[in-house]
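Make the full structure from the sequences, and use the hints.
First to last, the sequence lines map onto chains F and S.
Residue 332 is where the first sequence ends in my numbering, and the numbering goes up by one at each step.
Residue 332 is where the second sequence ends in my numbering, and the numbering goes up by one at each step.
Be careful, since some hints might not be right.
Stated by the list, open to error - FRET-style restraints, in silico, Cβ to Cβ:
| id | chain 1 | residue 1 | chain 2 | residue 2 | range |
| --- | --- | --- | --- | --- | --- |
| 1 | S | P122 | F | E205 | 53 to 61 Å |
| 2 | S | G240 | F | P231 | 45 to 53 Å |
| 3 | S | N208 | F | N275 | 51 to 59 Å |
| 4 | F | A225 | S | G163 | 25 to 33 Å |
| 5 | F | I127 | S | A206 | 44 to 52 Å |
Don't read these hints as lab results, they were simulated from the structure.
Note that beta-carbon positions come from the ideal geometry of N, C-alpha and C, so glycine has one too.
There are 2 protein chains.
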Amino acid sequence: MCSPEVAKVVRERAARDGFSRRNFLKFGGMTAAGLAVASALPMRLARAQAMNSVVDLSHVLSPDGPTYLPNEGPIRETVVKVNPDGFYIQRWTIGEHTGTHVDIPAHFVDGAETVDVYDVGLLVSPAVVIDISEKAAAEPNATVEVADIEAWEAANGEIPAGALVFMYSGWDAKWNDVPAFRGDPGDGSLNFPGFGAEASTFLVEQRDIHGIGVDTLSLDPGNSSTFDTHVTICSAGKYGIEGVANLSAIMGKSATVVVGVPRYEAGSGGPARVLALVEG
Amino acid sequence: MCSPEVAKVVRERAARDGFSRRNFLKFGGMTAAGLAVASALPMRLARAQAMNSVVDLSHVLSPDGPTYLPNEGPIRETVVKVNPDGFYIQRWTIGEHTGTHVDIPAHFVDGAETVDVYDVGLLVSPAVVIDISEKAAAEPNATVEVADIEAWEAANGEIPAGALVFMYSGWDAKWNDVPAFRGDPGDGSLNFPGFGAEASTFLVEQRDIHGIGVDTLSLDPGNSSTFDTHVTICSAGKYGIEGVANLSAIMGKSATVVVGVPRYEAGSGGPARVLALVEG
Numbered sequence: 053m054c055s056p057e058v059a060k061v062v063r064e065r066a067a068r069d070g071f072s073r074r075n076f077l078k079f080g081g082m083t084a085a086g087l088a089v090a091s092a093l094p095m096r097l098a099r100a101q102a103m104n105s106v107v108d109l110s111h112v113l114s115p116d117g118p119t120y121l122p123n124e125g126p127i128r129e130t131v132v133k134v135n136p137d138g139f140y141i142q143r144w145t146i147g148e149h150t151g152t153h154v155d156i157p158a159h160f161v162d163g164a165e166t167v168d169v170y171d172v173g174l175l176v177s178p179a180v181v182i183d184i185s186e187k188a189a190a191e192p193n194a195t196v197e198v199a200d201i202e203a204w205e206a207a208n209g210e211i212p213a214g215a216l217v218f219m220y221s222g223w224d225a226k227w228n229d230v231p232a233f234r235g236d237p238g239d240g241s242l243n244f245p246g247f248g249a250e251a252s253t254f255l256v257e258q259r260d261i262h263g264i265g266v267d268t269l270s271l272d273p274g275n276s277s278t279f280d281t282h283v284t285i286c287s288a289g290k291y292g293i294e295g296v297a298n299l300s301a302i303m304g305k306s307a308t309v310v311v312g313v314p315r316y317e318a319g320s321g322g323p324a325r326v327l328a329l330v331e332g
Numbered sequence: 053m054c055s056p057e058v059a060k061v062v063r064e065r066a067a068r069d070g071f072s073r074r075n076f077l078k079f080g081g082m083t084a085a086g087l088a089v090a091s092a093l094p095m096r097l098a099r100a101q102a103m104n105s106v107v108d109l110s111h112v113l114s115p116d117g118p119t120y121l122p123n124e125g126p127i128r129e130t131v132v133k134v135n136p137d138g139f140y141i142q143r144w145t146i147g148e149h150t151g152t153h154v155d156i157p158a159h160f161v162d163g164a165e166t167v168d169v170y171d172v173g174l175l176v177s178p179a180v181v182i183d184i185s186e187k188a189a190a191e192p193n194a195t196v197e198v199a200d201i202e203a204w205e206a207a208n209g210e211i212p213a214g215a216l217v218f219m220y221s222g223w224d225a226k227w228n229d230v231p232a233f234r235g236d237p238g239d240g241s242l243n244f245p246g247f248g249a250e251a252s253t254f255l256v257e258q259r260d261i262h263g264i265g266v267d268t269l270s271l272d273p274g275n276s277s278t279f280d281t282h283v284t285i286c287s288a289g290k291y292g293i294e295g296v297a298n299l300s301a302i303m304g305k306s307a308t309v310v311v312g313v314p315r316y317e318a319g320s321g322g323p324a325r326v327l328a329l330v331e332g
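What follows is the structure, encoded as C-alpha cells:
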C-alpha cells in the first residue's frame, strides 16, 4: 500500500465529508441496540536474552469500562452456570473498539487489511514507552510531539526496527473512573492525551515501526476532530492499540510485546490481550 | 485449590446430576437467541535463544466456523463503514467457547479463577506437541494416552516445567468442513479425538504443566459424556485451548506459546489469539 497516497485520499474525503466525531455520535448506543501462517520476525528478536516475567498491558473487559462514546460498552450475559448446569459460559455483545483493543488498517482505510489476515509477525514487537505524564497532568489534551521522541532517542538510542511505540500519559490510573478517563467535564466533550499528527507522521516516515499504543481512549487526543494519527497509522498499514494498561511497569525495561487480538473475521481490530515479556 | 478434592466433588455431582452433553443441548442456539500485574516466568524461559518466527495457532473467528453445538456460532454485524461513515466497525454476539478459545478453571469449577484474574505467567509456555494423527485417521474418537506421552518423552526428554501440551490429531485440516470437523455422521453424535482421562490425570499429577490444547472441538473426545479431562484440568487450576490451528508447523521445534485471551470480566475463558514464537 502506498501510504502517502492513501493518507491523502482519506484526508481529502474527510475534509469533504466532515470527518468528525459526529460520525461516531450518529451511531451512539451501538451495543444498546488461507493466509500466511508464519511470519519472520526481525532479526533483533534473535538477540532476546532473558525473558523472565510477564506484564499484563490489558484492562479487564467489562460493561463498566470507559468507552469513546457513552453507553458503548459491551453486554455480558450468563448463559449457563456450574450450578445447576454443570459448566459456566457467558455470552458477549461487543463492538470491536471496546476495552483494551486494536485498530487495524481497515478501521480507517477502505479495502485495507482486516485483523484476520494481518501479518502475525507485526504482532510481536520490542516496546518503546514515551512518557508524557508530566505535561498530561497539566494539559489533558497533551500530545506526543516529535521533540518527545527525540528526547527518548537521546537517552535510549534510535527507536528499534519493528517497534511498538507507546504513549504513557498516566491515564490508565483513571480507568475505573469513567468520567475522568473520558475527560468529559459534563458538556460531552472529550479531553485526554494522544499522539500528535507530526509525531505519528515522523514515526511512519522516519522510523520503521509496527504500530503505536496509548493508555487513553484514542490514538488522537480527545479534542481531535480530524483523527490525523488514526489516518496516518492506518494508511501506512500499521496498527494502534487503545486503552493500554500498566505501561509504567515496563518503562525503562527491555520488553517484547505480544498483541493477542483474536482473528475476528473481516475485523477492523478488536478487544485483545496485550502481554509484555520483560527481560532481565 | 486442592485439585484431587475438587475433582472428586465435581465428578460426584456429575454422576448424581447426569452430567452430559444433554446439558449443553438444552442451551442450544445460544447465540441465536486488582489483580497481579506481573508474573514471574519459569526460569527455563531465561534460556530462550533465537525466537525468529511467529506461527499463528488460531483459526479465523467466524459465524461459519464449527461449534460444539450446531448453530452456536457468533453473530457478526457491520455497524459503520469507511464509506460513507469515515471508519469501519463490526459488532459481535459471541459465546465464550467459540472458535480458537480457552477454557479457564471457572468453566467447570464453581468459584474457581475466571479469565480476568488468571495468572498471566501461565499464559506463556514452552510448547509440547503430541502427534496422534495416525491413530486418529483410523478412529475418530482416538485419545491421547499415557503411552503417547511416554513415547514423546522417550524421544524428547521429560515434558518441561510449565509446558502447554498439545494434541495434534490432524483435525485442523477439516476446520472449513463443519460436518467433518464435528464428526457428526448425521445422527447428532460427535466424533473427534481428545485427551484420555488417564493422560490428563498423568499430566496434572505427574508433570508440572500450565495447560493443554487440542485441534478439535473439545479437550475430551467427541464421544465423551463425562468430560473427564475438562474436570481434571479445570479442577487442577490449569487451562485448556480448543480449536488450535497449525500445530504441524511447530511440531519438533522449540517454541514459546503466548495465549492471548482477552480479560473477559468473570469469563469462563473465551476466544483468543494463540501465537507461537519459534526458535531457530
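Consistency of the hints with the structure:
{"no.": "1", "hint": "P122(S) to E205(F): 53 to 61 Å", "verdict": "56 Å, holds"}
{"no.": "2", "hint": "G240(S) to P231(F): 45 to 53 Å", "verdict": "51 Å, holds"}
{"no.": "3", "hint": "N208(S) to N275(F): 51 to 59 Å", "verdict": "57 Å, holds"}
{"no.": "4", "hint": "A225(F) to G163(S): 25 to 33 Å", "verdict": "30 Å, holds"}
{"no.": "5", "hint": "I127(F) to A206(S): 44 to 52 Å", "verdict": "51 Å, holds"}
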